[in-house]
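Protein chains in written order, with this note's numbering: chain A, 1 to 90; chain B, 1 to 90; chain C, 1 to 262; chain D, 1 to 262; chain E, 1 to 366; chain F, 1 to 366; chain G, 1 to 179; chain H, 1 to 179.
Watch out, some of these pointers could steer you wrong.
What the hints assert, rightly or not - Okay, the calculated bits of chain C under chain F, using three or more residues with CB under 8 Å as the criterion:
id	segment
1	16-27
2	35-48
3	59-70
4	238-246
Everything labelled a hint here was simulated from the structure, so no lab data went into it.
The beta carbon of each residue, even a glycine, is placed where N, CA and C say it ideally should be.
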Amino acid sequence: MRLVIDESRCKGCNLCTLVCPYRIFRPGTKANPRGVIVPELDRPERCANCRLQRLYGRTICGMCQMICPDQAISWEEEGPCEPMKVAIEY
Amino acid sequence: MRLVIDESRCKGCNLCTLVCPYRIFRPGTKANPRGVIVPELDRPERCANCRLQRLYGRTICGMCQMICPDQAISWEEEGPCEPMKVAIEY
Amino acid sequence: MTFDEWLRVDRLPHIYCAGCGNGTVINCTLSAVDQMGWKKEEIVFVSGIGCSSRAPGYIVTDSLHTTHGRAIAFATGIKMANPDLKVVVFTGDGDLAAIGGNHFIHGCRRNIDLTVICMNNMIYGMTGGQGSPTTPRGALSTTTPYGSSEAAFDLCGLAAAAGANYVARYTSYHVKELTLAIRTGLGNPGFSFIEALVQCPTNYGRRNKLRQVSDQIEYFKSHAILAQKAERMREEGKKIPDDMIIIGELARRNRPALGVRK
Amino acid sequence: MTFDEWLRVDRLPHIYCAGCGNGTVINCTLSAVDQMGWKKEEIVFVSGIGCSSRAPGYIVTDSLHTTHGRAIAFATGIKMANPDLKVVVFTGDGDLAAIGGNHFIHGCRRNIDLTVICMNNMIYGMTGGQGSPTTPRGALSTTTPYGSSEAAFDLCGLAAAAGANYVARYTSYHVKELTLAIRTGLGNPGFSFIEALVQCPTNYGRRNKLRQVSDQIEYFKSHAILAQKAERMREEGKKIPDDMIIIGELARRNRPALGVRK
Amino acid sequence: MSRIDFMQGNTACAEGALAAGCRFFGGYPITPSTEIAEHMAAKLPKVGGVFIQMEDEIAGIASVIGASWTGARAMTATSGPGFSLMMENIGFAVMTETPCVVVNIQRGGPSTGQPTMAAQGDMLQCRFGSHGDYSIIALSPASVQEMYDLTAEAFNLADRFRIPVFVMADEIIGHMRERLMIPDSVHRGERKLLGKGNLPYQADDDLVPGFPVFGKGYGVHVTGLTHDERGYPCATSPSVHECLVKRLVDKVESARDSIASCDIVNPDARVVFISYGAPSRAVEQVLHDIHNDNVGHLRLKLVWPFAESLLSRFSNAETFIVPELNMGQMAREIKRHTNRRVIPVPKLGGALHDPFDLAALVEELL
Amino acid sequence: MSRIDFMQGNTACAEGALAAGCRFFGGYPITPSTEIAEHMAAKLPKVGGVFIQMEDEIAGIASVIGASWTGARAMTATSGPGFSLMMENIGFAVMTETPCVVVNIQRGGPSTGQPTMAAQGDMLQCRFGSHGDYSIIALSPASVQEMYDLTAEAFNLADRFRIPVFVMADEIIGHMRERLMIPDSVHRGERKLLGKGNLPYQADDDLVPGFPVFGKGYGVHVTGLTHDERGYPCATSPSVHECLVKRLVDKVESARDSIASCDIVNPDARVVFISYGAPSRAVEQVLHDIHNDNVGHLRLKLVWPFAESLLSRFSNAETFIVPELNMGQMAREIKRHTNRRVIPVPKLGGALHDPFDLAALVEELL
Amino acid sequence: MRTEIRFSGFGGQGIILAAVIVGRAAVMYDAKYAVQTQVYGPEARGGASMSAVIIDDEPVLFPKVTSPDVYVIMSQEGFEKYGVSAGERAVMLVDSSLVQSRPGCRCIEIPATKVAREALGRDIVANIIMIGALVAATGVVSREAIEKAILDSVPKGTEELNLKAMRKGFELAGQVKCE
Amino acid sequence: MRTEIRFSGFGGQGIILAAVIVGRAAVMYDAKYAVQTQVYGPEARGGASMSAVIIDDEPVLFPKVTSPDVYVIMSQEGFEKYGVSAGERAVMLVDSSLVQSRPGCRCIEIPATKVAREALGRDIVANIIMIGALVAATGVVSREAIEKAILDSVPKGTEELNLKAMRKGFELAGQVKCE
Ligand SMILES: Cc1ncc(C[n+]2csc(CCOP(=O)(O)OP(=O)(O)O)c2C)c(N)n1
Ligand SMILES: Cc1ncc(C[n+]2csc(CCOP(=O)(O)OP(=O)(O)O)c2C)c(N)n1
Ligand code: SF4
Ligand code: SF4
Ligand code: SF4
Ligand code: SF4
Ligand code: SF4
Ligand code: SF4
Ligand SMILES: [Mg+2]
Ligand SMILES: [Mg+2]
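Same shape as in the complex, but just chain A:
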């Protein structure tokens, strides 16, 4: 699973940066063509969902997705052969 921000929906409120326990979201720096500064992802593979959602068959953390007022955060299926590089940090 791969964490993605839908740039066409995100309004740059940075609520995701506030709630992620892994600080995966970082305030962005550059406005996109719509004038929105979309957050940047810092090693999104660390996300609990990316790692474990498939395994447990349900959303594991999902805080960022729940709080994102613009329904801009989701997880995409990844191709089956894509390598899963996981580096857990505490």
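Following the hints, put chains B, C, D, E, F, G and H with the ligands in place on chain A, whose structure we already have.
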């Protein structure tokens, strides 16, 4: 002081008969020209107010007057020389 | 004091049915107002529409008989524009709690310095006996011909939750207590709410096995229980039957009030 | 479940400002509804007017975007006429408690089987930041330029006093708890009221020293206190500061409900 | 088999509604309409319908609109003050194209006025009382029989045009009792449902879109904001707004002649009464008493939209006399459509026009 | 000394009210009128007045009426949906003869419609929106200057006639900013007080009774029920009702010509525009651009009661062109009063009439 | 032929029911036409109540009573408010136990309340006695029709009592002398 | 002479204030006439905001802008929505730091946001820079007038910053080459 029912206001509800501790009001028996059966007074001199209002300078009981929804009950001044026959009953 | 001093005697007898409790509440209110020592010209009575709301029209002070349910909103304008006036609202259970429910809770929230007296006959009297928001569950009315299936409001509970400074409930049987409660309400800054349960022989009693005027008064007498006593019973784990009427002072506090001359 | 299944994606992005808490409450609601396992065609979302009340327009189910304040009255008609429909109301503090206050308390009194979710941003968002009945005393808005001088409603207290079966409060920060509360409300027969405090950076935060979206979220986080804890503190005689937000389940009972298929 | 009854107008109204399949009544009591609610409260539960007394008239009409979206035939009844309170939500029903029936048993206004006396003072209000431009249909019964018949018909019109239809009666017709022939069954039109593949606010040739009942999987969004054919809010586009509002008006106004409903007596007359509701009874008495082919009568059963073509049915008419229990509200409308003389006969206060007075007026004109 | 400012129409309206001595505002926010409330909230406390945001528009107008009985000049401001909600209490103000000012910054209707777009769709509603027969006064500003001037004047008219006076503006005039000359002081009429010995509802020659301010010992009973000259309810007497309602209407209608207020350009013209509010600005542009004595303009500042005598001021007029931001509401009224050709130019959706289109229409007609 | 009948008395006497029963008899059992009207509202409380019915072989056009042909008056106040202006050619039935005054027109005295109380034990059926007398005296509806209409209209269990009252009315009307 | 100016950008740039200041300058300090209008409503959130001002020596009659003589465009979306249709004879000032596109008409590029941030340290005064440039390039109001109007309209304490921005605008407009 003399207890009076204003027949032009009384609607014959008999609430006065219900509350007087001395049972001074009795349900009437005959309709007046307006079709209202006004209560009758049974020895109204016994009324606490009739006897004591003047003395204490205030309403002593007044339950009948307060509850009468039609503002039909009041006390009239009596001529100074009228004899005050008082027979107290308990 | 005589009631006649306060009444437009040229309009008596009033339109109330024989034995209607509203007349008694007028007496208690006039006594209370008289006891406050207020001058007639500084008092304004305001009401909405209903039998109860006809009361101001019989009183000699300035009075405003408004639209159904809106008395408190009109009264708010009067009081805010001239805080020197003492503003008393007469209302009914339908006027206050059905169509007027919003103004009621907002009056309480603002804690505006009004005294609101609700003559709660648990029915729409004026329009001939339809159910009201205080009609007890199961009671008959022309619009609840199979017994009311809705819960009734606890008007005092609502007033307290919405923020009123003073809240009390009595019945038309409790004339002395009611008079005192109204007087206390008049004296208390902020929103004072006094609920007076009243008999409506014509439209409530007749349909609900309380055919005689005295039946409803006897009911009030036998079913009233003082708040303190109810509290004690509750503490003792005793159940208070659903049909009991909790009377007494139910809230008294000193939250900041609106419409008080600073 | 993905949110996109439930959303009219052709209408996104929605009109909410960046960082507006309403979007979060939509997420929580859709999660809760989805967890109930309800089919889309048996659900109707109803709302009044306001930013919050725009929510139903983004959801794929049937929905009725009504007039300001009247959502519960419309919803009552829907639910009574077809109790098989699951009816959920989205509303705002102004919509519910200002103009719609009467329908609110009557919905609670009737205990009609609706789930009402109030996005309380303590302000009129849609019209540009006027004070609402939940604007805290002293807070600035365009119509309280010197600080609000009126008391704010305790919406949950009011709902409970008026008779609602289920009452809970959370904030847009408490996404998991809020989702669970909504789910509980959906499952509970009778009137379920869930108050969700939400940030309105544009019209509340900006004027009240909570300029950043995160300021208001941080405020919710730091000022929320669980009902049970507050109760404990009260029992211990500790004072709970006025600006604390009591969260949690505030009433849950089983009074007879209206609009439930028998 | 039809049967005869002796019934009050208000009760007949409720019975007509029930016969038409009305299964939801949401309202608030007000004199002189209350008997309608009371009768519905007694009868609806017996036919599987719902009666609910709401907290006020605003909630009453709101609940009716809500109920209508579940597919139910739904109504409310009120009088002046309550009618005034319904104005906002009536506009909502117009904008969202919600079929519903609103009965107004008119009493003396303005304000609380004369609660127990008859009037026809709300005729222009029912046409213009909500903000913005729109059109509605209003019927006006002149007998207990028509309280039944026209109320039933109101539901058919409401469903056909997807608008609020008003039964604008008055205290006299509402409160009097008279002979009522209750038919075995009444004609029940269908509410046209939204066709598969159609957008929810995409109108058919009759300018009326099919109705997407809630709970059937249409997934429709209904809003009082200006909306496009998908039903989506679109509140800043002048063209979308213009299209929508024009269609809302046109769907009714273009049917003006085809839905017109009236009684015409002596179409060749020189002096013609135009009436609706209770004053019609006085006019009928006059025509009965004076028996003169030069005196005609146009009795409107359907008052709004006013079909001006009806006026040309009286080709010899020199004068139209319009007795109304108001200050000439429909006379105002009639005047707009004719160059012939229009004499309003306004009457306020609750009493009906005296047939003698009307006859005297006619004498003068003949 | 007067001074110049650059101000929004809504702000100018509030400033005009303050200058006229308005000391009470009770209302409820609604686009596009909200700035009026907001400005009053900021300013009233500074001049010893009261601003209160009520729980809804019903309460807003109610509080205003209450405040007026204490003698205060009082107002509210709203737009379509809120205006609809006020209808019942507007009737109460009419019936009780309570002076007050109601501003309606019109937006697109019906229903929620187009909250941010201009319209003039409530012109007939302001005349007929409450139940029963009555008359009111309505003004319609066409500039920021008139938002100030006419609002101030509204208070004088309200006091003089003891009725609700409407300032029927539109979103364009309410929201635009332009030059405003703020006069040193504005003319302030007095509210005539009840004379000693007079009954509270006993009218003087002008058909208006003196006002018995609450708190001054008049001991007056004020009711929305039909009442006699003592103010006592008397709701079943046809004659009392008729007298009362006729007087309420006549006091306004009989002053129709004397209070008429308008601008007249080229009274000898053959083609005459009639306008009020924002469309006037398009018409003024046309007249400016085409410079033709055959094209005239009647710009109404006071719209209700419509003074038909103004039409006869254009003795050569063959055609009246009436551009409105609605489907022809005042054109309807104008048609009633003239046999000359009336061409409504309705416009819905929020945009103003294009001066080119109007000019083209004129060309055709000349 | 159009017959206008006006009823008056005080609240509780069943004045309105009386008019409704007569109208019902005409419409449902005599195949005639009828319109019944009454005075509404709180102002009517306490004072005299009034109800009217118009009976005709043809449809009733103008529905209001203007100059009643027949009066049924059951209280003094009712007489003063609604009976005193009776035209010379009218007929008035008065409950002579309650109404002191007499009109200028033909008057039929029926001691209805007295008889109701003394002979039938229930004041409340005085109105039915008056209806009986009305029918007997004027024939405005048939006796069969009024009987059926009464049975339709009275509470279950009181049918016999009411029919007795009706018959008493027939009887009393047969006895009276017209002044 | 009537001059129509249209401003567009995104929310937070002070697009509306810019138009108001220009109108104010004209009316209060140049004794001209002006009408300022704007787009309202939640639909305007997020997207491009728009405001317009008409300036004239005579009273402004028709208050709406139909074919602007001058554009002040401060965002790409603003350009696309409100600037793209500019007529050939118009002049457009664009904030070249934010707007990629260029119109068919005469265009004056002002890197307002860049200058605001880099030279003045505050993005927020980009609108004042644009106003300065507008005045310098078109002379629609006088420099004295715009200065006073700016001082009237900005928060206390920011006067110097804003005047600096204005002067930057004057300056930048003087330097540009028209394409
Ligand atoms: C807007 C409006 N709706 C309805 C009515 C009709 N109406 C008059 S009084 C009343 C109910 C009054 O009930 P309540 O307030 O309990 O007074 P009561 O007569 O019982 O004292 C109603 C529904 C009205 N006058 N106005
Ligand atoms: C009858 C009526 N009055 C006023 C308005 C204007 N109005 C629209 S939304 C709103 C306030 C909304 O506040 P709230 O419910 O708290 O919603 P929010 O925008 O804050 O989410 C108001 C007053 C209206 N649309 N209709
Ligand atoms: S929470 Fe959503 S909208 Fe906000 S910055 Fe993150 S992804 Fe964007
Ligand atoms: S799901 Fe949790 S861990 Fe993963 S990105 Fe979101 S907040 Fe961070
Ligand atoms: S309480 Fe009053 S009205 Fe009732 S019977 Fe006694 S005196 Fe008469
Ligand atoms: S005052 Fe008391 S004692 Fe006297 S009559 Fe009345 S109730 Fe009886
Ligand atoms: S109907 Fe009831 S409340 Fe009204 S006057 Fe009669 S008894 Fe009193
Ligand atoms: S104004 Fe406030 S509530 Fe409305 S969308 Fe913006 S942030 Fe949300
Ligand atoms: Mg009541
Ligand atoms: Mg809000």
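Now for the hints, and whether the structure bears them out:
Taking a C-beta to C-beta cut-off of 8 Å, the segment 16-27 of chain C contributes 0 residues in contact with chain F, too few for the three needed, and the coverage statement is violated. Remark: the segment 35-48 of chain C is confirmed as covered by chain F, as 5 of its residues place a Cβ nearer than 8 Å to a Cβ of that chain, reaching the required three. Given as covered by chain F, the segment 59-70 of chain C passes the check, having 9 residues with a CB less than 8 Å from a CB of that chain where 3 are the minimum. Requiring three or more residues with a Cβ within less than 8 Å of a Cβ of chain F, the coverage given for the segment 238-246 of chain C is violated, as only 0 such residues are present.
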